[in-house]
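All chains, please: the whole structure from these sequences, using the hints.
The listed protein sequences derive, respectively, from chains A, B and C. So the first sequence is residues -6 to 146, counted in this note's numbering. So the second sequence is residues 11 to 296, counted in this note's numbering. So the third sequence is residues 19 to 125, counted in this note's numbering.
Keep in mind the hints are simulated off the structure, nothing from the lab. Source: prediction; values computed, not measured. We put the beta carbon where it would ideally sit given N, CA and C, even for glycine. What you were told as hints is all true, and nothing was included just to trick you.
A short list of chain B residues far from chain C (calculated; beta carbon distances all over 10 Å):
id, residue
1, I66
2, K130
3, R255
In silico DSS-like links for lysine-lysine, alpha-carbon gap of 30 Å or less:
id, chain 1, residue 1, chain 2, residue 2
4, C, K22, B, K162
5, B, K162, C, K53
6, C, K46, C, K22
7, B, K179, C, K26
8, B, K162, C, K46
9, C, K67, A, K115
10, A, K32, C, K67
11, B, K222, A, K138
12, B, K222, A, K115
13, C, K40, A, K115
14, A, K138, A, K32
15, C, K22, B, K108
16, A, K41, C, K95
17, C, K95, A, K138
18, B, K203, B, K137
19, B, K179, C, K40
20, C, K67, A, K41
21, C, K46, A, K138
22, B, K130, B, K179
23, C, K46, A, K32
24, C, K46, A, K115
25, A, K138, C, K53
26, C, K22, B, K179
27, C, K40, A, K138
28, C, K22, C, K53
29, C, K53, A, K115
30, C, K29, C, K125
31, A, K138, C, K67
32, B, K179, B, K108
33, A, K32, C, K53
Far from chain A, some chain C residues (derived; all Cβ distances over 12 Å):
id, residue
34, K22
35, P23
36, V25
37, S30
38, D63
39, A101
40, V109
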Amino acid sequence: MNTSKREFLGKTLTAGAGLAVAAFLGSTRAFAAAEDVQKAIEEFAGGKTPGEGVITLNTPEIAENGNSVPVSVSVESPMTEDDYVESVMILAEGNPSAQVATFHFTPASGEAVASTRMRLAKTQNVLAVAKMSNGDVFSATNNIKVTIGGCGG
Amino acid sequence: MNRKLLTVLLGATGLCSMISWVAFADPSEGPLFIDGEIEMITRAPSAEGHPLPEVISGWHYRTQSTQALEADSFENPGMLAVEVGESLWNTVEGTEGKSCASCHDDAAESMSAVGASYPKWDAASGKPINVEQRINMCRVDNMGAEAYPFDKGGQKPLTAYIKHQALGKPVSLDLQQGEMQQWWERGKEMYYKRTGQLDLSCATCHENNNGKYIRADHLSQGNVNGFPTYRLKQSALVSLHNRFRGCIRDTRAEFPAAFSDELMALEVYTTWRSQGLSVETPAVRQ
Amino acid sequence: MAAKPRVKVPKSAAAGDIITLKTLISHKMESGQRKDGDGNVIPRDIINKFTCTFNGQPVFSCDLDPAVSANPYFEFKAKINEAGTFTFTWVDDAGDVIETTQDIALK
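Written out as structure tokens, the structure is:
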């Protein structure tokens, strides 16, 4: 590639592309390594391997801006004093740091359902891991495509 | 391919080359109801002489989750600023001991049509003025307070609060006032004039290519009925003149000052193009 | 002028009802990963904890990391057995606490 083309592309990317998540990134940090994600799950799950099902993770297939991506979780549970969902941890594999948020429920929650909005640095997998009061752990994973717009701010 | 030729081609077509001529998506279906109650006119027959057959709100060009954010006035983060605007409306400032409410009482009544009818002709200055400038005139002349600098102080939240009072009302513009017609002509000229290193006009994207994608951005008609708009990219309210400047900057051109004659002419012209659509302030966009 | 936090709680509910609560607060959620024009890192400044209690008892809480969007929004549930008061609390990195309350009646 010759210099002028590289320069042109560089300028175009800067001026025109406006990475959707530039405000969030703007850093030289690497993305969360797979082992960081694994470590976070192990700590949260107390060493247990998460099972399938029980937890539902809702996210859009495509996010037109990585600055605000809706995420909601719902866990099947009677939510009684003896049997309830304690926590749900949200992780984003492709972010500079994988942790997004951890919800904590109680029997007074009635249902283990919660929503928030998150920042995603790029197209990636998002995980939700639920920990029950008896120590059981369940997880779900969704892929979200984060688009890079043509128009800067 | 010859590298030099490739470079020249890339340079010449610029941002245009990013417009995908293949990918095309229809604007998504409405209707848009705010809180399931207030129906927004998001598609309207265009004014006489308008180059497009139908004016379509930018809301239709957004993804479902962005659309949902605007449809719920609790979840719409722009409403946080509208609430700030409400408290500013009732705050006494300046040497005269007045707030906006001192003269205009309940904004729900006194401002119910304002957001749908600006810019208006100002005979004293011999120019069109927008809501931001009208607020500043009130602050200086009637309140004895300082004018808000562009996008600073209470300008965005107070403008959003005032325009929000007209939520749902169709935008209309009176070109019969003063010299508004001349300013419309001037704005039209700006709209179609190619500018910047990328050689783009407003019309290149918003008239000729709306509905297509520029990289991953779904191009809208560029209507102005939702400003100030909550933009996810900035996670904050964005004023119309800020967006004008951002758009022009993206063509890699020098951009005019906010509220300059150039951008006021463009506001007059683009408001004319947006006529018939409901005021959506604060709209939510990407 | 800072915006007040917004909370949405039904005015009343029947005993045993599970209701939906929504909250929205104005905060830039500075991630600590951005740099300013001079290349200096802008220090992290986020809300790191949100708590909701009902008549003093915990209902729902959240630990927030910098990946939560600016102007944090939450939606969650609560089971109502009696009339009372919800207390919503947000704590930021500086230790500042914002609190608001909302009453609910029994139908």
